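Asks: The lines below spell out each chain.
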Amino acid sequence: MTTNLQVKVWRGKEEGDFVTYDVPRLESQTVLDVVTHIQRHIDPGLAYRYACRVGMCGSCAMTVNGKARWTCRTHVAKVARDGKLELAPLSNLPVIKDLVTDMTEFFDKWARAKGSFKGEQTRHDEFAMVEPQSTMRLAADAGIECIGCGVCYASCDVVSWRPDYLGPAALNRAWTLVNDVRDVANVERLLAVSGDAGCHACHTQGTCTERCPKHLEPTASISGLKHIAIKALRRTA
Amino acid sequence: MSDTIAQARLWYWGRISAMALAFFVLAHLVIIIYAVRGGLTGTEILARTHGNVAFGLFYASFVLASAVHAPLGLARILRETVMGERGANVVAALFAVLVLVLGMRAVYGVVLS
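In order, the protein sequence lines correspond to chains A and B.
The opening position of the first sequence corresponds to residue 1 in this note's numbering, with each subsequent residue numbered one higher.
The opening position of the second sequence corresponds to residue 1 in this note's numbering, with each subsequent residue numbered one higher.
No wet-lab data here; the hints were simulated from the structure.
Hints are supplied without guarantee of correctness; some may be wrong.
Footprint (simulated), chain B over chain A, 3 or more residues, beta carbon under 8 Å [stated by the list, open to error]:
| hint | segment |
| --- | --- |
| 1 | 33-46 |
| 2 | 158-166 |
Heads up, simulated DMTMM-like pairs for lysine to aspartate or glutamate below, C-alpha to C-alpha not over 25 Å straight-line [to be verified]:
| hint | chain 1 | residue 1 | chain 2 | residue 2 |
| --- | --- | --- | --- | --- |
| 3 | A | Lys84 | A | Asp22 |
| 4 | A | Lys118 | A | Glu131 |
| 5 | A | Lys78 | A | Asp22 |
| 6 | A | Lys231 | B | Asp3 |
| 7 | A | Lys67 | B | Glu80 |
| 8 | A | Lys118 | A | Asp141 |
Given the structure is predicted, the values throughout are model-derived calculations rather than measurements.
Cβ atoms here follow ideal geometry from the backbone N, Cα and C, with glycine treated the same way.
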């Protein structure tokens, strides 16, 4: 293990440059530990975002040596090449400052994909009975643990090619709701997630699935949406 | 029909034509390999294809599937790289006509002329 890490960090907004810092190398050190060391001991002006530090909140994602990762659960030993790290803000999102991106568009797309539950039962109704082993429940389970970190969105080539594309996270969210038997908004949801800015734009390259830190499979969710949208189209034809 | 539904429908046509092309391309390769064993001249090819309805139908369908599939893919690539939606659609439509005309002309040439 080298004694020091050479860490290049993006400083600035859309325009800026990498600044190199020497950071002490420690046992079991995470990339977030490295950024925190720089901010607390070397350069207090460094802007970055984190909250939980345990892989739950999804706020600390950055580009580490060219790949989007959650930094709180990424060990330096896993990603440092020859004692070197390069840290940049997430791709496909506007940079606010240094390592902080503006996530507004990312979450607006969740709303555009009708990513919120819409039921018709009230508290006076009986509880909905959902069979845990039913196909729909299992499909929803497979995508439900998304923490909204934006790693998939930053890794998606289709988002960079056509910025109106909803992206893997929003489509994965829509897929979990499509499989929620209590939800009543699926007609409008399928319309919202279909077409060239929706699931039909996906090239099934699978980078989102490869990089998702929660090991979800947005590619499979998007395929599911394509399939169910075409079934709906056939019914209306 | 909204844009979204039209786009989903075109995507579906892309998928269906891809399935057809998978069959046509494989069959085409098998036909080539089978037919050229020991060498084959242009005259021999025309002797086999001329007036052959099955051959004509097979390759006319092949051309149709290509004229659907390739322009849809081209439109997608253009839209994602160099131009907007409308420009990409116009170029793709022209390309579809080109594939259709050249393909059908070739089928006509070896089967009917």
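Asks: So which of the earlier hints does this model not fit?
Replies: 1
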